[in-house]
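Student: The chain contents come next:
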Amino acid sequence: MLDALTEPLLQIRHVSQRYRKGSGEEGVSILDDMNLTLYEGEIVGLLGRSGCGKSSLLRIVSGLMRPSSGEVTFQGQPVEGPVGGIAMVFQSFALFPWLSVLENVEFGLRAMSVPEDLAHRRALSAIDLIGLDGFETAYPKELSGGMRQRVGFARALVVNPSLLLMDEPFSALDVLTAETLRTDLLDLWCEGRMPIKSILMVTHNIEEAVLMCDRILVLSSNPGRIAAEIKVPLLHPRNRLDPEFRQLVDLIYARMTQRADSKTREGNFPGLGLGMILPRVSTNTLAGLLEALIGPPFNGAADLPHLAEDLQLEIDELFPAAETLQLLRFAEIEAGDIRVTPAGRKFAEGDVDTRKRLFGDHLLAYLPLAARIRRVLDERPTHQAPADRFRQELEDHMSDKAAERTLNSVINWSRYGELFAFDDTAQVFSLENPQ
Amino acid sequence: MTFKWPELPPISRRVAPNVWDFAAFALIIAVFVAVAEASRGMAMPLPPAGASAVTLDYVNLPYYALRTTARMFLALGASFLFTFTYATLAAKSRRAEMVLIPILDVLQSVPVLGFLSFTVTVFLGLFPGSMLGAECAAIFAIFTSQAWNMAFSFYQSLRTVPSDLEEVTRGFRLSAWQRFWFLETPFAVPGLLWNTMMSMSGGWFFVVASEAITVGDTTIQLPGIGSYLALAIDQKRIDAVGAAVLTMLVVILAYDQFLFRPIVAWAGKFRVELSAAQTKEESWVLRFVQRTRWLRSLSEMTGDQFMRLAYFRPKLRPPRLPVADQSASLSRIIDLIWFAVIGLVAVWAVAKIYAFVSTELSWSDLLETIGLAGLTMVRVVVLLALATLFWVPISVWIGLRPRVAETMQPLAQFLAAFPANVVFPIAVIAILKFNLNPDIWLSVLIIFGTQWYIVFNVIAGAAAFPNDLKEAASIFRAKGWQWWRNVILPGIFPYYVTGALTASGGSWNASIVAEYVKWGNDKIAAHGIGAYIAKATEAGDYPKIVLGVAVMSAFVIVFNRLFWRPLFGFAERRLRLN
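The listed protein sequences correspond, in order, to chains F and Y. Final position of the first sequence in my numbering is 435; the numbers increase by one with none missing. Final position of the second sequence in my numbering is 578; the numbers increase by one with none missing.
Note that these hints are calculated values from the structure, not bench results. This structure is a prediction, so every number in the text was calculated from the model and none was measured. Using N, Cα and C, we set each Cβ at its ideal position, and we do this for glycine too. Treat the hints with care, as some may be off.
[Unchecked claim] Label-pair restraints from in silico Cβ distances: (1) Y/572 x F/174: 29 to 35 Å; (2) F/365 x Y/468: 40 to 46 Å; (3) F/172 x Y/467: 40 to 46 Å; (4) Y/476 x F/243: 42 to 48 Å; (5) Y/474 x F/177: 19 to 25 Å.
[As the list claims (entries may be wrong)] Calculated cross-link-like contacts (lysine-lysine; reagent style DSBU-like; alpha-carbon spacing at most 30 Å): (6) F/346 x F/356; (7) F/141 x Y/269; (8) Y/269 x F/401; (9) F/401 x F/346.
[What the hints assert, rightly or not] A few chain F residues that don't get close to chain Y, going by computed Cβ distances all over 10 Å: (10) 81; (11) 90; (12) 97; (13) 186; (14) 240; (15) 301; (16) 312; (17) 377; (18) 427.
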């Protein structure tokens, strides 16, 4: 082990990635000065919520994308395009529907001009290894999700990669299937039956990261930075109910909800004031979350991991909702715990009209963008304003996609709070509501 | 995977040919003979002036059908070649795209029949004294009716290749050649196949129109159903017209059953979808081939060979991605130069056309053609509206009854493929007999062949209408006009627009043959741009043809941009049901 530690398999040095705007000028930063060294024999997890650039980082490592600055070296060689020793498993499986299981697995080998019968033999043994015997001639659409992802693994393993990249490989699967695949993969890894020397995986599932990884890098969002590095000293097979396991999960929850730079109560969203990037959260989710929080067993305060488990929510759903509540002062988040404020309780216990009025008031008070749109509409004699005007303003602070999402969220929330109306066809805000 | 020759001593039951093999073998040999027969006729010298290459004997009809079909498939081959090169270039190069896609858009709107006279002259000049020139001209005419929408479909598929699959091919460092055959083409197959079928449907119309054509003093008669029909019309032989119609029916039925259905059934695997389709296309021919032994291993062998060819790469060269921001300003300068070149070429082309047309024609001719095009437009619009009023309720009724739809939809598709110009003479006889106004009654012919596009698309739309919405509508007892307005019409609208758009394009083209029809020496003409072009063609008056075609193209383009495209966008945005 010590020998291996001396020679890193993969090094990421000062990698940054920025969007480029249509006009060619530099846009918003996605990744900011990432540094990471990966050694042989370890599974490293990149944990973060959507928008933290973890998938971009994976694509930079695989050579599918070049970073705006910084460099990646793999086995001592700079990565300037896709390289042979790295294979990837995709969240969407990314199988060719027109090729059979066997042809999908052979694909990578034959593309690289490996002789046909050799490719055939290696594909069959990979299929055997990953537990796909009997499915060789089936087409992907005949298979269940779990079987499809097994094909994805076989296709990646058959080319004998040293480094396996996994982009949320289990998140498109149901809970039971995902767990089976995880344990099967870990078994193969622990028994050393795969050619790979190291795994780098992206996930937004905290328990999955603690279950599989030796090291977890927690990324903060917008721009993506490494916020914390957490070592998992537990031996495989790990037990989710083990107190040490639970402790690690709690620790990571706390890390991911704590705001890095200041003690402001601005919620945990990147950007300030008008430039705040908002998540897509339905008002139904917000109301549902508040109702669940004030009811038993939580009675107004909850520990986030428990809440996630109780409500069957992924952190990608829970965190944005919880933080929107925090932004609107309906709840407070501290050290991995969430507590309902008096206003939040009033909302949860109120009838429809009370809820809408309260929500509207809080939007105006705490969401600068909503307040601004409302002010513009009030000031104009026509009480109308085109959406483009605000979109362009937002695009100064964030990527086009984030601006669109932010605007959509404000529109949805404001419709619920009856702050103003929006005509989607004309893309115009107005104060009139349909009669 | 690799095919292995059967070991010799015991001919096991697995490798011995079965009954299906013998039948298939006979069929295949027959196809070979037919191809040889058809290609022999193509390169024959031109018959001496005055002598006709075509006779009205029924016995010759199978041979003529063969020649006509051969033309269709040659044109289809050319269309594929065009599709693969033109669309690929447009999809891969941003600068080429800026020019190629608008050109394609315009070409789609140009009435192909109007240009027949030009292509005939060009190709006759290329192969003097041989039938080959006339053959090429006919094939080219069919090609121009097939290629554009196929290329468009392929281009659109290339632009929408799923990004995860693309990343896989890049991760495995596929060469451009490998990516083309393993990712881009398979992904494009469903769309391309559908458009190929539509193109073939349209093609029959043009093959009939282009086999027998008179341009000024030159009369071309290629052995085929089209010229057989033309001769029958010339000699006023209604029985021969009937025989031609019947032959056409048989040919279209055969190509549908033996070629397209098997291919569509086989191509089901190229659809990118998460789960297996509820309805699978069936083809008895495909099942038949799959039951044979020798034929099946033969097809597997060719499949393997194809894979080998598709996987071929000269040598492994690791690709390098360019660092993102380089030479942005240089690229902008090249863009500017590129724009300038395009602009100059366009100006030069307009000047050239103006010079050519203005030698004989004046501004009053332009006004006249615009007026005539307006008349034709009124015809197209009114008839589309009438066809809509008539067919939409019927098609909805059919579409909501799965049993009926199952048989009616292929029938409508079949009728759309049937070249309506074959039955035009019958209309002439009727108009002459009852002394009807050609300006009104010839109009009917414009929509005659194209209304079926509306029918089968609306049937498909009604059949795909979600069951839960149907149930919701009946629970709330939506009836009468409210049901039509709020439930079914919005539901079928996207399908209707697709069908009507195709019908509209086809109708403009059809006006060239429909507004000017002959029966022996009797000629009936309606007032319209179609008759104007047809008469100019007959007289060999090139400036008038150019003017007529240009004005008609302009009308079609404006009509599409101002009417169909907004409707299409609206349907896509607001009424898409999934």
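Student: Work down the list of hints and note, for each, if the structure agrees.
Tutor: Here is what the structure says about each hint:
| no. | hint | in the structure |
| --- | --- | --- |
| 1 | Y/572 x F/174: 29 to 35 Å | holds, 33 Å |
| 2 | F/365 x Y/468: 40 to 46 Å | holds, 42 Å |
| 3 | F/172 x Y/467: 40 to 46 Å | violated, 28 Å |
| 4 | Y/476 x F/243: 42 to 48 Å | violated, 57 Å |
| 5 | Y/474 x F/177: 19 to 25 Å | violated, 39 Å |
| 6 | F/346 x F/356 | holds, 12 Å |
| 7 | F/141 x Y/269 | holds, 9 Å |
| 8 | Y/269 x F/401 | violated, 34 Å |
| 9 | F/401 x F/346 | violated, 34 Å |
| 10 | 81 | violated, 4 Å |
| 11 | 90 | violated, 5 Å |
| 12 | 97 | violated, 5 Å |
| 13 | 186 | holds, 24 Å |
| 14 | 240 | holds, 30 Å |
| 15 | 301 | holds, 41 Å |
| 16 | 312 | holds, 23 Å |
| 17 | 377 | holds, 25 Å |
| 18 | 427 | holds, 12 Å |
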